[in-house]
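Chemist: One-letter residues, chain by chain:
2 protein chains.
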Amino acid sequence: MARAPSRSKPSRSAEPELSIRIDLDEEDALGPGKIRLLELVREHGSISSAGRAMDMSYRRAWLLIDELNRTFRKPLVETQKGGGGGGGAQLTAFGNEVIRLYRAIGVDATQATLSHLQSLQRMRAIGR
Amino acid sequence: MARAPSRSKPSRSAEPELSIRIDLDEEDALGPGKIRLLELVREHGSISSAGRAMDMSYRRAWLLIDELNRTFRKPLVETQKGGGGGGGAQLTAFGNEVIRLYRAIGVDATQATLSHLQSLQRMRAIGR
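Line order of the protein sequences matches chains A and B. Position 116 (the first sequence) corresponds to 116 in the working numbering; numbering is contiguous. Position 15 (the second sequence) corresponds to 15 in the working numbering; numbering is contiguous.
FYI, nobody ran anything at the bench for these hints, they're computed from the structure. Watch out, some of these pointers could steer you wrong.
Chain B is nowhere near these chain A residues, computed Cβ spacing over 12 angstroms in every case [as the list claims (entries may be wrong)]:
1) D23
2) D25
3) R36
4) R42
5) G45
6) S49
7) R52
8) M54
9) D55
10) S57
11) R60
12) L63
13) Q80
14) Q90
15) L91
Footprint (simulated), chain B over chain A, 3 or more residues, beta carbon under 8 angstroms [as the list claims (entries may be wrong)]:
16) 64 to 72
17) 94 to 108
18) 112 to 126
Positions of the beta carbon are idealized from the N, C-alpha and C atoms, including for glycine.
Next comes chain A alone, as it looks inside the complex:
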């Protein structure tokens, strides 16, 4: 599966942050870019608007959503037919559950590794 752009930039003074990609198998992965795209579809109600918000072409956004829909047992996003590119789209309950699990993994992983992250923070170059 193609990777979605993913790097969210923490501010200079921020604590280290975890970016988590879940390698589901040798082909399929779920990372911060795809999850962000799903959240933007939920917010905007449209794949094209969600793609635009990530500086992504409609085609690329559509392909990523299509891949996600095929990766899981049920569709994560449903589109209205006959929309011709600009048609509406919304998250299914299944899609919302995938987002919820991914976000919970991020929170739990960060919490479980906080002391190690702080040790790495202290080992960083001063002023960087």
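The hints should help you fit chain B onto chain A, whose structure is shown.
Modeler: Same frame as chain A, now just chain B:
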């Protein structure tokens, strides 16, 4: 900092695996590719051999190591002078500690999120 190639491919029947990138700040990140490179330098005693083992040019491997050495307070890798590209290299105690922390973060994060990962696994398409 440039990204090192990172995707390790779990086998088809494997449980989902976490790939963790630690975003230290807006410029510097530490992910599976750089850690693998460091481990290969430790194993091979040479930046060029380590790079080769990852299908990476000597130049690219050297640049990644140089970046890592600047990211942290102390060098992670020490090279013998006068080697002219093929000179030996070894991990410092500091470099070994960075690897240890990164690997501990992976283990602790996976353990803390196992039930969520298994939920995602059950939501995947059958036969993929």
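Chemist: All hints are to be evaluated individually against the structure, with a verdict given for each.
Modeler: Checked hints:
1. D23: Answer for D23 (chain A): violated, closest chain B Cβ roughly 5 angstroms.
2. D25: violated (5 angstroms)
3. R36: Given a closest Cβ separation of 14 angstroms, the condition holds.
4. R42: With a cut-off of 12 angstroms, R42 (chain A) remains clear of chain B, as the shortest Cβ separation is near 17 angstroms.
5. G45: The claim stands: G45 (chain A) keeps its Cβ more than 12 angstroms from every Cβ of chain B (closest is about 23 angstroms).
6. S49: The assertion about S49 (chain A) holds, with a minimum of 26 angstroms to chain B.
7. R52: Correct as stated: the minimum Cβ-Cβ distance to chain B is 23 angstroms, above 12 angstroms.
8. M54: holds (18 angstroms)
9. D55: holds (18 angstroms)
10. S57: The claim stands: S57 (chain A) keeps its Cβ more than 12 angstroms from every Cβ of chain B (closest is about 22 angstroms).
11. R60: holds (20 angstroms)
12. L63: holds (17 angstroms)
13. Q80: holds (23 angstroms)
14. Q90: It holds; Q90 (chain A) is separated from chain B by about 18 angstroms at its closest Cβ, greater than 12 angstroms.
15. L91: holds (14 angstroms)
16. 64 to 72: With 3 residues close enough to chain B, the hint holds.
17. 94 to 108: holds (count 8)
18. 112 to 126: holds (count 11)
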